[in-house]
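Student: Listed in order, the protein sequences are those of chains A, B and C. Every letter in the first sequence is one number past the one before it in the working numbering, and letter 108, counting from 1, is 108. Every letter in the second sequence is one number past the one before it in the working numbering, and letter 396, counting from 1, is 396. Every letter in the third sequence is one number past the one before it in the working numbering, and letter 85, counting from 1, is 85.
Please note that a few of the clues may not be correct.
[What the hints assert, rightly or not] Quick look at which bits of chain A chain B covers, simulated, 3 or more residues with Cβ under 8 Å: (1) 320–326; (2) 381–393; (3) 396–404.
[Said to hold, decoys possible] Capping the alpha-carbon separation at 35 Å, the derived lysine-lysine pairs in DSBU-like fashion look like this: (4) C:K193 <-> B:K234; (5) B:K266 <-> A:K266; (6) C:K193 <-> B:K279; (7) B:K266 <-> B:K136; (8) B:K266 <-> B:K330; (9) A:K47 <-> C:K163; (10) A:K445 <-> A:K134; (11) A:K330 <-> B:K237; (12) B:K47 <-> A:K266; (13) C:K89 <-> B:K279.
Calculated directly from the structure, the hints in this document are not laboratory data. Treat the numbers as computed from the prediction; the structure is a model and nothing was measured. Here a beta-carbon is modelled for each residue, glycine too, at the ideal position from N, C-alpha and C.
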Amino acid sequence: LERKSESAFAYTPKVKIGLNEPRNKVWGENFPREYQSYLQNADTLFKSAYNGNAMIDMLEVDPRLVVLWAGYGFSKDYNQGRGHTYAVTDLQNSLRTGGPTGPDDGPMPSTCWTCKSPDVPRLMGEIGVDNFYKGKWASKGSEVVNAIGCADCHDEKNMNLKITRPALIEAFEAMGKDINQATHQEMRSLVCAQCHVEYYFDTKIPEKEGIPYLTFPWENGFSVEEMEAYYDEKEFKDWTHGLSKAPMLKAQHPGYEVYLTGIHAKRGVSCADCHMPYKSEGGQKFTDHHIQSPLNNVANSCQVCHREESENLIRDVYDRQNRIIVNRDKLEELLVRAHVEAKTAWDLGATEEQMAEILQDIRHAQWRWDYAAASHGGSFHSPVEIGRVIGTGIDVAQEGRIKLARLLIALGFEGEVPYPDIATKEKAQAFIGMDVEKLKLEKEKFQKTLLPEWMKAAEEREAKMEDGE
Amino acid sequence: LERKSESAFAYTPKVKIGLNEPRNKVWGENFPREYQSYLQNADTLFKSAYNGNAMIDMLEVDPRLVVLWAGYGFSKDYNQGRGHTYAVTDLQNSLRTGGPTGPDDGPMPSTCWTCKSPDVPRLMGEIGVDNFYKGKWASKGSEVVNAIGCADCHDEKNMNLKITRPALIEAFEAMGKDINQATHQEMRSLVCAQCHVEYYFDTKIPEKEGIPYLTFPWENGFSVEEMEAYYDEKEFKDWTHGLSKAPMLKAQHPGYEVYLTGIHAKRGVSCADCHMPYKSEGGQKFTDHHIQSPLNNVANSCQVCHREESENLIRDVYDRQNRIIVNRDKLEELLVRAHVEAKTAWDLGATEEQMAEILQDIRHAQWRWDYAAASHGGSFHSPVEIGRVIGTGIDVAQEGRIKLARLLIALGFEGEVPYPDIATKEKAQAFIGMDVEKLKLEKEKFQKTLLPEWMKAAEEREAKMEDGE
Amino acid sequence: MGIYKKLKPQENWKVPVIVLLGIISGLGFYILHISKATSYVSDDPKVCVNCHVMIPEYVSWRNSSHREWASCADCHVPQDNVAEKYFFKAKDGIYHASVYTTRGEPQVIRIKEAGKKVVHNNCIRCHENQVTDAKLASQVDGHFAHRTDRACWECHREVPHGKQRSLSTVNFVNDEELEEDVRIPAWLDEQLKENYQNKEQ
Ligand SMILES: [Ca+2]
Ligand SMILES: [Ca+2]
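Whenever a hint applies, use it, and build me the whole structure from the sequences.
Tutor: Next up, the structure:
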């Protein structure tokens, strides 16, 4: 310990890092090892059976998703996430965010930026949280430009881990917990829980009406049933389904919630233990800031704890993922059928009353499916729980379809409603009546006109910032 | 280390143990420590959340089972297994085995004895395997009397582990494997796999026609789908369901098969590691022959490998069991509904053709449920796989019920078929039209007349056997 | 004061207590003697296997990466100063020896809190350079603490005693003999072979 103060004189930081400094390069001056490894997040070469660094067009891989999300942004474009480096770019380029032509244009709100960049804490500090969430995402296009980085997780004074996103802090408060009480080991997961969690935009907060306020639905607990109850109580819906007209919920990456139910969390293993293991250079260990699938780094992550052949460990992961995918795929198919059958019922003149229970079943079944599907890594993080969730989803989906079978006959329909031809993404998007070409053209225009303007403005703005002194 | 081999040589046997010696006490003379712990298998005090040493009347706990097994022996009487000590008694007293009045009477064959006693290898040695399997169980009532014991698992010459049951050896051959190649660690599970496995009686073996030959359906593999395919190919059925008339399969305790799919098996942990851990007495370590739920002995079993508080480990087991039971219970309910709905369809005049697919769905769904339910411990031995199996079961059951919903309407039925009142075992047995009182009377008569005769004959027979010399 | 009062024996206890203490300490020396606990003063791992309850740990250590570098005492005895080292050894030695001699050893031996601290500090003693970075420690508050606030073996779970610390680590001394052995008893093998011959005909 005495050693510490001794060496403190020996090393002086190269630059002084300012509050909420968004430029990762500046931090990198002081911490070259972490920064070098951080730069590797740009890598897109590794692909595992279901995940990896590469960008995977999920609608292409699995066109059923288009039908499940009919009437909602995700049916336009959805990719399996890749490295942190791309968070800003991917948001800009996604067809979901449309082709804004000015600051008040486009389908998505500012809130979308929240989990994409260290410019977020900077902006929140400058203009306040409420003002940050206000307006269209395009309104902050020239402000949010740096890839997810140091200021998202670290305190610039002492490099301690810290929580920079209000939603997580507020969620803890809603649960009656104080995030300041988190242990160091818990912090190694909580920094990830700022973003890798299910969320929704609450526009009905008293005194903040109309602001799409980022909120985590954890008040009742983290489980699929508890969050469902939360939304049901509030009668919240993310959208109305394009075919079935069901009041739908979208589950977005409940990574932290699912992880909590697994054995690794129970044994105190943190996200960072697997996704940011130590790395050795010159006989010294530091935290590997290349955050990726551990299957690309089994030796440093898994094998420190599990003295098993690397191929066995990878097979274990695949085993779990393969066992889960069987029923998940089945549930997906059942949901496609349910949406299409419900549409047929509407077309034959079903009444709201006749449909009410059926639509509720569809809502609940798809919520369960999405909780399992959107939680990338969940099939490994907590396979028993994910298996359970999908099992309940299949039951609820089929209950809905039994009711539909009865209703359809009552409405005079005979036989089975045919399964749509959705063999490819294009066919599926045509089936739900989407004009993708139009979306692509709008996006291209944006990329050629507004986007370069933003980038230029940002460059000029940052040029005026003080260099870390 | 030297000490261990030292004591191995120092040992001089008190008695010489004969080939297939069925009397455990005789072996106990030479191995008092193992024998003392073995005697504790008679203990019936411990009860965990779902298992334990106590005898649990499963039909009482869960009367749905009565409906699922309508028309089959298990609807008469079914208990959660207890200690090895009781194998013979429990078979004699179960209502499933009826009240034989003589050697050729009663519902069950000799084959039933196979997994109940070390008198089985003795008899097989004396009269041959085929002759052992022939006839009613009552024909061997005075021969099979000793509780599961030493000769079931050990070689009397050197105490090595042995496979004494032909079915396991034959199953290995059918898979193209040689059980003699099993490693020592594998043997620590294979001795259990002689009995804790799914089986059926094959009466169609060429040259052995009519003999209910004990067979393990492993030719295609161990998974629920592979065994299902095996039975489907053979068009085998255990019975025709009393309500739905479906051609049913009964899954009996696929303990070994399920275990093989779990992480402990993958890591080379054997049945004996958990159920027969080492025990310390006077500084000597030996194998604990009290075979029971490890939850009654967490310190010696789990904690040898897991440095966790005992209560955490128990909670882990319960966590998994609780997550599995949710969907298993749901599947059970769906199966009750399917049987009852199918019966309604028959009553309304459904044709064989209209019912064919539906009955196949019921067969497959219940097979999956039973594979999960009958495998005691399976929810812990391999929770991910059991979750998967139940998920597929729910899907198939509901598919059948969708077809039933359509068919019932076509047959002029309106609304939902009501769920039967099966709140208790008695109500459920009455619902399926069973006369339990008659069964009990027959059993009582047997217990008062034939059974004491058997016991006396056995005593006289054993008195003439040589004492271990 | 309050606590002292509580602990202080009543007057009429004095004589019996003194006699008892005498017996206990006498027995203590006897135990020390018969259990060779005095050998604890040595650093040779073989002394630890004087009692066979330590065999699993001995064998697993002997097969570990640390065999050439660290003896039992390097990990299990405080190494910061000589006095503490021998005090801890004596304390532990007498304790283990009494437990062993009185046949009071638990079914599964698990390290206690005090022992954990000692081991943990010994890991750090040897590996300080690897686990901490002097440069970072100077700039990053709490770096040393954060690097060392978990037991090393939460990650390095198999250092040095492996995963199975029961007899199963040492059980298979007769493995060779066993591997050659067949699993099917002769009487059954013959019958089944006959069966297959019949089938082939
Ligand atoms: Ca959401
Ligand atoms: Ca069977």
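Student: Is the Cα-Cα distance between C:K89 and B:K279 35 Å or less?
Tutor: 28 Å, holds
Student: Under 8 Å between beta-carbons, do enough residues of the region 381–393 of chain A, three at least, approach chain B for the coverage claim to hold?
Tutor: holds (count 8)
Student: CA of A:K330 to CA of B:K237, is that 35 Å or under?
Tutor: Answer holds: A:K330 to B:K237 is near 27 Å, not above 35 Å.
Student: Is B:K266 within 35 Å of B:K136, Cα to Cα?
Tutor: Violated. B:K266 to B:K136 sits at ~40 Å, over the 35 Å cutoff.
Student: Taken at face value, is the distance from the CA of B:K234 to the CA of C:K193 at most 35 Å?
Tutor: 25 Å, holds
Student: Verify the coverage statement for the region 320–326 of chain A against chain B, using a C-beta to C-beta distance below 8 Å and requiring 3 or more qualifying residues.
Tutor: Held - the region 320–326 of chain A has 4 residues with a Cβ nearer than 8 Å to chain B, which meets the minimum of three.
Student: Is the straight-line distance between the alpha-carbon of A:K445 and that of A:K134 35 Å or less?
Tutor: Holds - the C-alpha atoms of A:K134 and A:K445 are around 25 Å apart, at most 35 Å.
Student: When you check the alpha-carbon spacing of B:K47 and A:K266, does it fall within 35 Å?
Tutor: 25 Å, holds
Student: Within a Cα-Cα threshold of 35 Å, do B:K266 and A:K266 meet the stated pairing?
Tutor: Status holds; Cα separation ~21 Å.
Student: Does C:K163 lie within 35 Å of A:K47 when you go C-alpha to C-alpha?
Tutor: Given pair A:K47, C:K163 holds - Cα atoms ~32 Å apart, limit 35 Å.
Student: Would the pair C:K193 and B:K279 pass a check requiring their Cα atoms to be no farther apart than 35 Å?
Tutor: With a Cα-Cα distance of about 39 Å, the restraint between C:K193 and B:K279 is violated, given a limit of 35 Å.
Student: B:K266 and B:K330 were given as a pair; does the straight-line alpha-carbon distance stay at or below 35 Å?
Tutor: 30 Å, holds
Consistency note: the structure conflicts with the earlier hints numbered 6, 7.
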